[in-house]
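If you want the building blocks of each chain, they are given just below.
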Amino acid sequence: GIQVEQSPPDLILQEGANSTLRCNFSDSVNNLQWFHQNPWGQLINLFYIPSGTKQNGRLSATTVATERYSLLYISSSQTTDSGVYFCAVALYNQGGKLIFGQGTELSVKP
Amino acid sequence: DAGVTQSPTHLIKTRGQQVTLRCSPKSGHDTVSWYQQALGQGPQFIFQYYEEEERQRGNFPDRFSGHQFPNYSSELNVNALLLGDSALYLCASSFSTGGEQYFGPGTRLTVT
Chain G
1 GIQVEQSPPD LILQEGANST LRCNFSDSVN NLQWFHQNPW GQLINLFYIP
51 SGTKQNGRLS ATTVATERYS LLYISSSQTT DSGVYFCAVA LYNQGGKLIF
101 GQGTELSVKP
Chain S
1 DAGVTQSPTH LIKTRGQQVT LRCSPKSGHD TVSWYQQALG QGPQFIFQYY
51 EEEERQRGNF PDRFSGHQFP NYSSELNVNA LLLGDSALYL CASSFSTGGE
101 QYFGPGTRLT VT
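Protein chains in written order, with the numbering used here: chain G, 1 to 110; chain S, 1 to 112.
What the hints contain is simulated information worked out from the structure, not anything from laboratory work.
Keep in mind it's a predicted model, so treat the numbers as computed, not measured.
From the three backbone atoms N, C-alpha and C, an ideal C-beta is built for every residue, glycine too.
Treat the hints with care, as some may be off.
[As the list claims (entries may be wrong)] Which bits of chain S does chain G cover? Going by a derived footprint, with three or more residues having C-beta under 8 Å, they are:
{"no.": "1", "segment": "38-49"}
{"no.": "2", "segment": "91-101"}
[Unchecked claim] Partner residues are not named here, just some residues of chain G that face chain S (Cβ under 10 Å, in silico):
{"no.": "3", "residue": "Asn45"}
{"no.": "4", "residue": "Leu59"}
{"no.": "5", "residue": "Ser60"}
{"no.": "6", "residue": "Val64"}
{"no.": "7", "residue": "Ser82"}
{"no.": "8", "residue": "Gly96"}
{"no.": "9", "residue": "Ile99"}
{"no.": "10", "residue": "Phe100"}
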């Protein structure tokens with residue numbers, strides 16, 4: 001089956017620093033989403049980005065579908081950015097089944 | 001615009017018991033998917049419901065079953081609970097034509 005690999009697994013930043021999270025996937029996908037999971041377990045939608053580039057405030061994401069990877073950029077990080085970031089993909093022939101990576105745990109220190 | 005809601009928030013059950021979790025989709029969505037998230041792992045797909053039928057299923061035993069109602073809400077049932085069923089159970093909703101999935105706050109199940 002498809003493999004979804006996220007890197008790095010853990011990241012510690014000082015407040016104000018920038019970071020890049022990576023998601024590699026092993027097959028063609030028709031859905032790619034980035035989520036932030038808060039300490040209470042809620043998955044918060046960040047981007048729906050099967051291809052191209054999107055920006056939302058301090059966050060932006062780029063998916064290069066032909067090369068099977070996606071990047072999430074966090075600029076001027078804040079302590080509230082702490083948590084686990086997940087990438088999830090869905091295959092063309094498997095409907096809406098999302099396959100998640102193992103996540104990147106981000107800790108932003110004041 | 002109401003988002004995805006789930007109940008209950010927390011649940012403690014004993015091995016061998018049965019449990020029912022509930023989910024109401026985001027307004028306008030007609031498809032509901034269920035995921036299990038063990039501690040320290042990414043969510044794993046259990047199954048998806050559309051038009052009151054199971055459309056897709058992940059690698060979970062038959063002890064896990066579900067139902068979708070005419071108003072698109074859904075239930076997840078787990079029979080003969082095992083300690084390993086302790087996890088966060090997440091419900092997601094979407095349009096049947098695909099696109100972005102939105103998740104509820106989850107139900108944290110503890111099996112003792």
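Hint-by-hint comparison with the structure:
With 6 residues having a Cβ less than 8 Å from any Cβ of chain G, the segment 38-49 of chain S passes the three-residue criterion, so the hint holds. Given as covered by chain G, the segment 91-101 of chain S passes the check, having 6 residues with a CB less than 8 Å from a CB of that chain where 3 are the minimum. Among the interface hints, the one on Asn45 (chain G) holds; its C-beta lies about 6 Å from the nearest C-beta in chain S, closer than the 10 Å criterion. Against a cut-off of 10 Å between C-beta atoms, the interface hint on Leu59 (chain G) is violated, since the closest Cβ of chain S lies about 16 Å away.
Hint status for Ser60 (chain G): violated, given a least beta-carbon distance of 17 Å to chain S, over 10 Å. Checking Val64 (chain G) against chain S: minimum C-beta separation of about 20 Å lies over 10 Å; hint violated. For Ser82 (chain G), the suggested interface contact is broken, since its CB lies about 16 Å from the closest CB of chain S, more than 10 Å. Against a cut-off of 10 Å between C-beta atoms, the interface hint on Gly96 (chain G) holds, since the closest Cβ of chain S lies about 6 Å away.
Hint status for Ile99 (chain G): holds, given a least beta-carbon distance of 7 Å to chain S, under 10 Å. Interface hint status for Phe100 (chain G): upheld, as the beta-carbon distance to the closest one in chain S is roughly 3 Å, under 10 Å.
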